[in-house]
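K.L.:
One-letter residues, chain by chain:
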Amino acid sequence: MFDQARLNRLKERFGASLLRADMPADKRLFLYVEPSALKDICRYIFIDMDARYVISIGVDDRPFSGSFMVVHNFAFDRDHLLCSVIVLIPPDDPRVDSITDVAPAANWAEREIRDMLGIEPVGHRYPKRLILPDGWPDGVYPLRKDISWDHVPEGFDGGREYLFDEPPEGCMVVPFGPFHPTLDEPSHFRLYVEGEMVRGCEYRGFMVHRGIEKLSETVMSYNDINIMAERICGICGCVHSVAYSQAVEAAAAIKIPQRAKYVRTIMLEIERHHSHLLWAGLACHIIGFDTMFMQSFRIREPIMHMAEKITGNRKTYGLCVIGGVRWDIPLELHGEIRQLLDRLEGEWNPVVSSLSKDRNIQKRTRGVGVADRNAVKNMGLVGPVARAAGIDIDCRRDHPYAAYDRVEFDVITEQGGDVWSRLLVRAREVFESIKIIRHCLEKMEPGPLQAEIKDELPVGRMGLSSVEAPRGESHHFVITGENNRPRRWRVRAPTYQNLQGVPLMIKDQQIADMTISLGSIDPCFSCTDRLETIDIKSGVTKIWSQEELQKLANRKKA
Amino acid sequence: MNDSVIITISIGLANIVMALLLAPFCQGVMRKVTAIIQSRKGPPLWQPYYDLLKLLGKEDIESGDSPVMQRAAVYMSLATVLTIACLIPMGLSAPMNSAGDVMLLIYLLTFSGICTLLGGLAAGSTYSLIGISRQMMIMIMLEPLFTVAIIVGAVHAQSFRLDTVLDGSVYMNRGFPWSGVIMLVIMLLSFQAFVERVPFDISEAETELMEGPLIEYSGPKLAVFKYASMVKLIIYSALLIDIFFPWHGGISMPLQWMLFWLKIFCLVLLAALVAATHARYRIDQAVRFFALLLAVGLAAVVLAGFGY
Amino acid sequence: MSVMSKIKETIICLKAGRVTMPYPAQPQPVPPAFRGRPIFDATKCIGCGGCASNCPAREILVLDLCQEIRIIKYLGRRCAYCGRCADVCPEKAITMSKEFENATNSIGDIGQRLELFMSTCQRCGRCFTEKTPLEQLKMKGYRFDDIQNDRWIFRSRGYLGDEPFTSDIKIEMD
Chain L
67 MFDQARLNRL KERFGASLLR ADMPADKRLF LYVEPSALKD ICRYIFIDMD ARYVISIGVD
127 DRPFSGSFMV VHNFAFDRDH LLCSVIVLIP PDDPRVDSIT DVAPAANWAE REIRDMLGIE
187 PVGHRYPKRL ILPDGWPDGV YPLRKDISWD HVPEGFDGGR EYLFDEPPEG CMVVPFGPFH
247 PTLDEPSHFR LYVEGEMVRG CEYRGFMVHR GIEKLSETVM SYNDINIMAE RICGICGCVH
307 SVAYSQAVEA AAAIKIPQRA KYVRTIMLEI ERHHSHLLWA GLACHIIGFD TMFMQSFRIR
367 EPIMHMAEKI TGNRKTYGLC VIGGVRWDIP LELHGEIRQL LDRLEGEWNP VVSSLSKDRN
427 IQKRTRGVGV ADRNAVKNMG LVGPVARAAG IDIDCRRDHP YAAYDRVEFD VITEQGGDVW
487 SRLLVRAREV FESIKIIRHC LEKMEPGPLQ AEIKDELPVG RMGLSSVEAP RGESHHFVIT
547 GENNRPRRWR VRAPTYQNLQ GVPLMIKDQQ IADMTISLGS IDPCFSCTDR LETIDIKSGV
607 TKIWSQEELQ KLANRKKA
Chain V
7 MNDSVIITIS IGLANIVMAL LLAPFCQGVM RKVTAIIQSR KGPPLWQPYY DLLKLLGKED
67 IESGDSPVMQ RAAVYMSLAT VLTIACLIPM GLSAPMNSAG DVMLLIYLLT FSGICTLLGG
127 LAAGSTYSLI GISRQMMIMI MLEPLFTVAI IVGAVHAQSF RLDTVLDGSV YMNRGFPWSG
187 VIMLVIMLLS FQAFVERVPF DISEAETELM EGPLIEYSGP KLAVFKYASM VKLIIYSALL
247 IDIFFPWHGG ISMPLQWMLF WLKIFCLVLL AALVAATHAR YRIDQAVRFF ALLLAVGLAA
307 VVLAGFGY
Chain C
7 MSVMSKIKET IICLKAGRVT MPYPAQPQPV PPAFRGRPIF DATKCIGCGG CASNCPAREI
67 LVLDLCQEIR IIKYLGRRCA YCGRCADVCP EKAITMSKEF ENATNSIGDI GQRLELFMST
127 CQRCGRCFTE KTPLEQLKMK GYRFDDIQND RWIFRSRGYL GDEPFTSDIK IEMD
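So the protein lines, in turn, are chains L, V and C. First residue of the first sequence: 67, per the numbering used here; consecutive thereafter. First residue of the second sequence: 7, per the numbering used here; consecutive thereafter. First residue of the third sequence: 7, per the numbering used here; consecutive thereafter.
Treat the hints as calculated values from the structure; they're not laboratory data. Keep in mind that this is a model prediction, so the values were computed, not measured. Just to be clear, a hint being listed does not mean it is correct.
[Unchecked claim] Per the computed footprint, the stretches of chain L lying under chain C, defined by three or more beta-carbons under 8 Å from a beta-carbon of chain C, are:
#1 263-272
#2 372-385
#3 421-431
#4 519-533
[Claimed, not checked] Beyond 10 Å from chain V on every Cβ pair, some chain C residues (computed):
#5 Gly23
#6 Ile116
#7 Asp156
Backbone N, C-alpha and C define an ideal beta-carbon position, used for all residues, glycine too.
Using the sequences and the hints, build the whole thing.
P.N.:
Here's what the structure looks like:
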């Protein structure tokens, strides 16, 4: 088997540093290694074995194994394998070697581990605060087990400011955000501008943190987290709920019934439809073409009606429980779904064909926001951004889940790597989704919708799951725990990686192209900021009082 | 006062009053047409009137760098467009016909653009500065286009008088009006830029610049700027019709006037259709486009000089 | 050419016609499976507290006044309309209605309060068999959520007592 061959190669090379290797399922590998050899092993996996970097996770395992854990996840897409490299770190000296030299894509993940758990990544190129607000006191690490979920830290310093880098020579600073008409959620891009060209940018985000991961460890229970997970994002909620359920089901070795898998697949594809159509409209609105925005929303509306008919709500489907799904797609609805798909195809086809010949739009999107193959590999970009650069990755085919191993579909790639290619990839993926739903409707068999769970879930097991959200790969990591809730749950949304590639995309482009480049990765900031935020209202209300905000608005401030 | 004076004054006033009253209505028509193309109902036709009334009642915050220049920019902008409205025949002859010649008209048109620039400069925020730099680039390319059209007309008409030039003068040569037709095509292609609509509303791109030069204006000042831009729509349409589509030979008075306004509405419809179906261009693409048009326009002037 | 594609786009737009709904001038019907505001039927409720244990937003409070009287209060402020309470209820006393126009000035309009007379043995969660072990929150015993201040209390007690708990969740209302 492939895994065995890889494992043997690793064993040959690193021998004594590999402490333990778990292969709980076909395509999963958990490798415990010595902290001193971590960087070399990651370099071997990332560069020599050409894996894709997924995420790094920090876990406070002190109550259970007495140490911290740092987990680096990699994916071998060709071989359908997800692997984790785990190190245990002594609690009195929480430091780990940073792997950003090897994989620049680990930049944010390691900063997050530092902010949230206090594990210092030694050798990180850019160790600045990422998640915690500027005034948060040092030494208080929210995700540690000794901090309760409603802890309000003392010493919150409302006046402390984030130290931005110096702009390069001759550049003016143009602030983009936190409030801007194009952005749906607040985020701050500090653009360094020379005339009309952008020479660099710095990102400060995570302003809509909600404390989801901490809540899941302390007050929510397994089935409650499903409802919370689907509210991580307003567009790709179902993806997070399915990914979380799959991670727990993988950890606890629960097999869900086949019909439930088909229902999950159909709802995921319906979500992909509505998300891609929404993005097409949004991208056209950003370049000033409002008519296309209205039309794509018009074409999208029947999908929302259908979701409401099946699940009871247009967006928050409430679909998954651990072990299955809550709603069924009865036979009467099959006919309506088929009609909907035919109508969707009939309306979207002429739009795509007229868009693809439209030179007015091509002028604004060709050659803009380019992310080439190198950038995609180094920054770990996923989803349509990677497929538009010619890299053929798609979790539905590479790490099959739900019913995707039983349906046929093509993975759409383009070669340009610019915004135009991403538009074409997303527009064509709508047709592939239609195909998948049609296959599912044909192949669905009657059966139960939820698995029988007779015993409590085993404790301390790890589960990984990668689901293809409309924006890319959404990766969840769960360690099951006591009291009916997980010990650790890490959500890595696709935008988390894609945002790290934005500075590369907008460098040496014009300001006018900044918004469409950002919009082309289909950013979902709510998916990205999902940690932290204990109630800091006490600190913030003092600063941003009504009069002060008023005065701030009236004062001239760039 | 004898009757002819009263008639002259009322004719002159009718010109301006119609233009001022109908300016928001034309904007409303544009919004309605855009809404129909976007498969929705759209605001009522009188919505711009309500919008202006609402803005007049809002708080006037002076938050820019130099409030004095902000105020001056606002008043000058309104004054300029009102003056231009007095100079152009709109179905009836212009009331201030003898106040100047086409050169005055060209200067006033440029000046109305400069008022927006001053307004953005007075505000001093980053976005308004970027907005005015884009507006400057566009103005450098656009105003010559208009000047060239008028010069072609003046060359053919052998005079600079307002009522002669603004009366289909580009076609006034013997034989086929080559330069006239070339200028007509050029003007139609750049009409959207004159009236600041998509695809050329670059300086006020909402999604990129948050309103551009007008970002620091609120309440009555914003209402005046918005109103000035609505009147500009009418002014430029009227100019276009006067220079290129005058054709009123032989029709009696009230019908001739109504025909004029009918032509204005057709132009407004055309502008709305183009605005609804295009994406916004980037500044460098727009500048290259206009440079090309300018080159062709200069060739047309040369042709005009030779009598073609 | 670009003009042809623009004309084609315009024709697509005009063929579609006007698609906006006249809501709220006219009512908007919803499909049968729609999950609106949950309605609690006191005549069917047996007071098991399964809804309270499984509400992800912790918006259903339970208070035992004495051995015979249990109060179940649905607050509805942060209700996510997920329908877990309706799924879990063994007597089908909770229905997800079709009401979605729930905006109101006074939060009391949405809240529902049931006062239940309990016969002697139907008190603890043991009588209500959860479908899966995942649905247990191990809330057996007397429940003392703070109904006065709308506060959810994590632990239940095996006995009736006078002193309230002090350290628990404080849910703030605006």
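K.L.:
Against each hint, give a clear statement of whether it holds in the structure.
P.N.:
Hint by hint, here is what the structure shows:
With 0 residues bearing a CB less than 8 Å from a CB of chain C, the segment 263-272 of chain L misses the requirement of three and the coverage assertion fails. Look at the segment 372-385 of chain L against chain C: 8 of its residues bring a Cβ nearer than 8 Å to a Cβ of that chain, three or more, so the hint holds. Given a C-beta distance limit of less than 8 Å, the hint that chain C covers the segment 421-431 of chain L holds, as 5 residues qualify and 3 suffice. For a cut-off of 8 Å, the count of residues in the segment 519-533 of chain L with a CB near a CB of chain C stands at 5, and the three-residue condition holds.
The beta carbon of glycine 23 (chain C) is not kept farther than 10 Å from every beta carbon of chain V, the shortest such distance being approximately 7 Å. Consistency note on isoleucine 116 (chain C): stated as away from chain V, and its beta-carbon is indeed over 10 Å from all of that chain's, at 32 Å minimum. At roughly 39 Å from the closest C-beta of chain V, the C-beta of aspartate 156 (chain C) stays outside 10 Å, upholding its exclusion from the interface.
Hints 1, 5 from the list above are not met by this structure, while the remaining hints are.
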